[in-house]
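Colleague: The listed protein sequences correspond, in order, to chains A and B. If you're matching positions, the first sequence starts at 3 in my numbering and goes up one per residue. If you're matching positions, the second sequence starts at 64 in my numbering and goes up one per residue.
If you're looking for bench data, these hints aren't it; they were derived computationally from the structure. Computed from a predicted model, the values in this text were never measured in an experiment. A couple of the hints might just be wrong.
[Stated by the list, open to error] Here are the simulated distance ranges between beta carbons:
| # | chain 1 | residue 1 | chain 2 | residue 2 | range |
| --- | --- | --- | --- | --- | --- |
| 1 | A | Thr76 | B | Pro69 | 37 to 43 Å |
| 2 | A | Ser109 | B | Glu386 | 55 to 61 Å |
| 3 | A | Leu112 | B | Arg414 | 40 to 46 Å |
| 4 | B | Asn413 | A | Ala79 | 43 to 49 Å |
| 5 | A | Thr76 | B | Arg142 | 29 to 35 Å |
| 6 | B | Gly388 | A | Arg24 | 42 to 48 Å |
| 7 | A | Arg24 | B | His287 | 47 to 53 Å |
By construction, the Cβ of each residue, glycine as well, lies at the ideal position given by its N, Cα and C atoms.
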Amino acid sequence: MNKITQNDIEALIELFDRSDWRELRVVGNGIDLFVSKDSNARRSIDSTTVAPAGAESPPRGPPTPISQPAAARTPPAHWVVIRAPCIGTFYNAPEPGAPAFVSIGQSVSLDTEVCLVEVMKLFTTVRAGVIGTIRELLVADAELVEFDQPLFYVEPDG
Amino acid sequence: MAEPTPQTRVLIANRGELAVRIARVARTLGMESVLAASAADRDSLAAREADRVVVIGSAPARESYLNAPRIMHAAIATRCTALHPGYGFLSEQPTLVDMCADNGITFIGPTAEAMRKVGDKLSARALARSVGVPMTSGSERLTSTAQALEVAGQIGYPVITKASAGGGGRGMVVACNPAELATSFEKASAVAREVFGDGTLYLERFVERARHIEVQLVGDGKGHVVHFGERDCSLQRRYQKMIEEAPAAILPETARMQLQQAAISLLSRIRYRNAGTVEFLYDEPTQQFFFMEVNARLQVEHPVSEFVTGVDLVRIQLLLATETGALPPQPAVRVSGHAIEARILAEDPNRDFLPSPGRVTRWRPPAGDGIRVDTAVTEGTLIPPFYDSMIAKLVVHGRTRADATERLAGALARFEIEGVATNLRLLQFVVDHPDYRSNRTDTRWLERTLLPAFRAQ
Numbered sequence: 003m004n005k006i007t008q009n010d011i012e013a014l015i016e017l018f019d020r021s022d023w024r025e026l027r028v029v030g031n032g033i034d035l036f037v038s039k040d041s042n043a044r045r046s047i048d049s050t051t052v053a054p055a056g057a058e059s060p061p062r063g064p065p066t067p068i069s070q071p072a073a074a075r076t077p078p079a080h081w082v083v084i085r086a087p088c089i090g091t092f093y094n095a096p097e098p099g100a101p102a103f104v105s106i107g108q109s110v111s112l113d114t115e116v117c118l119v120e121v122m123k124l125f126t127t128v129r130a131g132v133i134g135t136i137r138e139l140l141v142a143d144a145e146l147v148e149f150d151q152p153l154f155y156v157e158p159d160g
Numbered sequence: 064m065a066e067p068t069p070q071t072r073v074l075i076a077n078r079g080e081l082a083v084r085i086a087r088v089a090r091t092l093g094m095e096s097v098l099a100a101s102a103a104d105r106d107s108l109a110a111r112e113a114d115r116v117v118v119i120g121s122a123p124a125r126e127s128y129l130n131a132p133r134i135m136h137a138a139i140a141t142r143c144t145a146l147h148p149g150y151g152f153l154s155e156q157p158t159l160v161d162m163c164a165d166n167g168i169t170f171i172g173p174t175a176e177a178m179r180k181v182g183d184k185l186s187a188r189a190l191a192r193s194v195g196v197p198m199t200s201g202s203e204r205l206t207s208t209a210q211a212l213e214v215a216g217q218i219g220y221p222v223i224t225k226a227s228a229g230g231g232g233r234g235m236v237v238a239c240n241p242a243e244l245a246t247s248f249e250k251a252s253a254v255a256r257e258v259f260g261d262g263t264l265y266l267e268r269f270v271e272r273a274r275h276i277e278v279q280l281v282g283d284g285k286g287h288v289v290h291f292g293e294r295d296c297s298l299q300r301r302y303q304k305m306i307e308e309a310p311a312a313i314l315p316e317t318a319r320m321q322l323q324q325a326a327i328s329l330l331s332r333i334r335y336r337n338a339g340t341v342e343f344l345y346d347e348p349t350q351q352f353f354f355m356e357v358n359a360r361l362q363v364e365h366p367v368s369e370f371v372t373g374v375d376l377v378r379i380q381l382l383l384a385t386e387t388g389a390l391p392p393q394p395a396v397r398v399s400g401h402a403i404e405a406r407i408l409a410e411d412p413n414r415d416f417l418p419s420p421g422r423v424t425r426w427r428p429p430a431g432d433g434i435r436v437d438t439a440v441t442e443g444t445l446i447p448p449f450y451d452s453m454i455a456k457l458v459v460h461g462r463t464r465a466d467a468t469e470r471l472a473g474a475l476a477r478f479e480i481e482g483v484a485t486n487l488r489l490l491q492f493v494v495d496h497p498d499y500r501s502n503r504t505d506t507r508w509l510e511r512t513l514l515p516a517f518r519a520q
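Bound-form chain A, shown alone (with noise of 0.2 Å):
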């Protein structure tokens, strides 16, 4: 396969819009492209951690219901990701029903709390590392997330 350009997308994404196809991922060169008919469908996830294609029934993890809309998305070049620092469960707040550490449009600094990671019981604190506003939540309480996988993004101040 040859570099993939904006018309190959357009192609696929017009080709898929006319299937019957419920979801479309295509992986390689570099790009990562995920689309789906059904608004409640899992977030694409970097590439490089999941299933190879014709895997049978992948394994999969526990339920992980997503409050984002589907869709490969990139964000804006000066936005900052913040990124699990080891595999876990991933908590937005420091206990059931308390409020979220933090939602989209909160200011955040360096060192503002933004969710918990936790380990076979062992939790971990992560901070923002950053200063600016959350403009996205890429992941819902208590999923699995990977090592490095994106958490936040966060427009930095300036």
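With chain A fixed as given, assemble chain B onto it according to the hints.
Modeller: Frame of chain A, contents of chain B only:
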């Protein structure tokens, strides 16, 4: 109609060629596999072979392959029913076995209890003694240089210090006289403390020109233990094996049977489960053998045993985990022909074996009858600098040792690797050496005779 077996899903807590192998064997058995990979291995061949990949941490092993909680989290979150630890990393850590048990996951290996019994070298010696397996005269745990000197005087020089908590050459120093022992004891203990977290040492009489011979075994956990022949792994550099063969061609038939029987008695006593190896030193002139240690896992060099017995040991390991009675009866295990494995390392023998990670720009492994290459490398693979430098195992089989040696020489000559420095030239030099051809070697031969000759050419 038989009850449908619940789907077995195996977490592979390892990397490289063995992870590839486990994923492939799992697939042929209708099992699913999940690879717990480090970030450096997310695009590895093992990642492509597994049904699913979970990136558990960054590249350094303590953040990933040595991090038991993260591995367990991956296993639980992906609903694995079994876990294969491979070799190295956490494969001999009883705490991982305990964590598996606590979470209802079958550990594909021995019980934690067996692992503890044989993992501590002194307790393994006590076990061997209790079933009458011969061993070199040695000491109990030593606490000071003064005590070591006293015990060494009784045992007789040369002696070798060994760490009670582990092997691999760390904490091992040979002393030929009291002065050498006095200068090396503290240092060896410090190394053992550093590497194993336990500085306990003991002494053994050092057998100077010994062969390293080990017996491959698999137990069903109920007291039935089957051997799959023995291997001669005498070609070592700094206690790291470089070339291994099966069977051990120098063994007279009586000694072979005694060795195999000793290994079986030892592991039967503890109702050993899954694959393990009992290692011995063999003194050729006297035809005596001495117990060295038990490796409570599958070993790197297991393919030579597979080649001569026709048995797939990884397959047996996985089947044992699902309790379908996979162990063949002993008489069904027959050794045929001779197999040799050469470890291909990304190390430069011309620069004191400096590891040479990097991108493999050309990769043409040999193929043909009686040739097997176990590897996770393909052309373009990046060899990461974080792990062991072994990039492939070249294994050959022939009718006789001479046939196998000839085949190995040819296969090494055809193996083309570019982009990273390797030990291919050194392996060729070994295989062409008259001592190797006539099988007159011992565990020190490579360092004593071969390496100086290699450097001088």
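Colleague: Each hint needs a verdict: does it hold in this structure or not?
Modeller: For each hint, the structure was consulted:
no.	hint	verdict
1	A:Thr76 / B:Pro69: 37 to 43 Å	42 Å, holds
2	A:Ser109 / B:Glu386: 55 to 61 Å	57 Å, holds
3	A:Leu112 / B:Arg414: 40 to 46 Å	44 Å, holds
4	B:Asn413 / A:Ala79: 43 to 49 Å	46 Å, holds
5	A:Thr76 / B:Arg142: 29 to 35 Å	33 Å, holds
6	B:Gly388 / A:Arg24: 42 to 48 Å	43 Å, holds
7	A:Arg24 / B:His287: 47 to 53 Å	51 Å, holds
Taken one by one, the earlier hints all hold for this structure without exception.
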